[in-house]
Amino acid sequence: GENVEQHPSTLSVQEGDSAVIKCTYSDSASNYFPWYKQELGKRPQLIIDIRSNVGEKKDQRIAVTLNKTAKHFSLHITETQPEDSAVYFCAATGYKLSFGAGTTVTVRA
Amino acid sequence: DTAVSQTPKYLVTQMGNDKSIKCEQNLGHDTMYWYKQDSKKFLKIMFSYNNKELIINETVPNRFSPKSPDKAHLNLHINSLELGDSAVYFCASSPVTGGDEQYFGPGTRLTVT
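Protein chains in written order, with the numbering used here: chain Y, 1 to 109; chain L, 1 to 113.
Everything labelled a hint here was simulated from the structure, so no lab data went into it. Because the structure is a prediction, the values reported are computed rather than measured. Keep in mind that the hints are not guaranteed to be accurate.
Stated by the list, open to error - What follows is a set of in silico ranges between Cβ atoms, one per label pair, in the way DEER data are often shown:
| id | chain 1 | residue 1 | chain 2 | residue 2 | range |
| --- | --- | --- | --- | --- | --- |
| 1 | L | Lys44 | Y | Ser28 | 21 to 31 Å |
| 2 | Y | Ala29 | L | His73 | 44 to 54 Å |
| 3 | Y | Asp17 | L | His73 | 21 to 31 Å |
| 4 | Y | Glu79 | L | His77 | 39 to 49 Å |
| 5 | L | Thr113 | Y | Gln14 | 13 to 23 Å |
| 6 | Y | Asp17 | L | Pro8 | 38 to 48 Å |
| 7 | L | Gly16 | Y | Gln14 | 41 to 51 Å |
Claimed, not checked - Below, a list of computed lysine-lysine pairs in the DSS-like style, where the Cα atoms sit at most 25 Å apart:
| id | chain 1 | residue 1 | chain 2 | residue 2 |
| --- | --- | --- | --- | --- |
| 8 | Y | Lys96 | L | Lys52 |
| 9 | L | Lys36 | L | Lys9 |
| 10 | L | Lys36 | Y | Lys42 |
For each residue, glycine too, the CB sits at the ideal point set by N, CA and C.
Using the sequences plus the hints, can you model the full thing?
What follows is the structure, encoded as structure tokens:
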């Protein structure tokens, strides 16, 4: 089955700086790569996703890149704000969604 | 207007008891899921149903029994609760199985004492 590894497990950044989270996956058949944000005590919510036929996708301050050859994908958050503080999960799917272990992002004011 | 709802939000019970968690989605999705999130925040899929049929069962103890009376509902019954069952359980739904956004419910925090 799919195995998704996510790094780093924790990330502390100064407000206004960029944050980068990296994930690798094992199943070359995986074709959908979403990123979820989970605020404390809340449900995971999709913030951006990318499919295997696209190398990069951007939505305002967040962007995701995908390298299918190397089987890794990354989340980039620019101009971080305190409300970006949360746990971020990457995931990869073939027939089921497998989640990474999560990255706790703290944005220091 | 809630898309995916779960009840109860909190559940505190003693070891050995049997409890159920209910989930409903009004999005018209075909696929529903149960996830377990442990104290380390790891999200692990337990079950998936597509149009009332079980399609994923991830090595979950048979004390856990999902039931889907129709494609809008997926309930989870847990027998003989153990301390290690303490976690947050999330229900989710998606239009299709696999490659599509999943919409999560608010979660049920289960505490077994």
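Consistency of the hints with the structure:
1. Lys44(L) and Ser28(Y) have their C-beta atoms about 22 Å apart, which keeps the hinted 21 to 31 Å range intact.
2. The given range of 44 to 54 Å is broken by Ala29(Y) and His73(L), whose C-beta atoms sit roughly 31 Å from each other.
3. The beta-carbon spacing between Asp17(Y) and His73(L), approximately 45 Å, falls outside the hinted interval of 21 to 31 Å.
4. At about 47 Å, the beta-carbon gap between Glu79(Y) and His77(L) stays in the expected band of 39 to 49 Å.
5. Thr113(L) and Gln14(Y) have their C-beta atoms about 42 Å apart, which leaves the hinted 13 to 23 Å range violated.
6. Take Asp17(Y) and Pro8(L): their Cβ atoms lie about 41 Å apart, and the range 38 to 48 Å holds.
7. For the pair Gly16(L) and Gln14(Y), the beta carbons lie near 50 Å from each other, so the given range of 41 to 51 Å is met.
8. At most 25 Å may separate the alpha-carbon atoms for a hinted pair to count; Lys96(Y) and Lys52(L) meet this at roughly 17 Å.
9. About 14 Å separates the Cα atoms of Lys36(L) and Lys9(L), which keeps this hinted pair within 25 Å; it holds.
10. Pair hint Lys36(L) plus Lys42(Y) holds up; C-alpha atoms about 14 Å apart against a cutoff of 25 Å.
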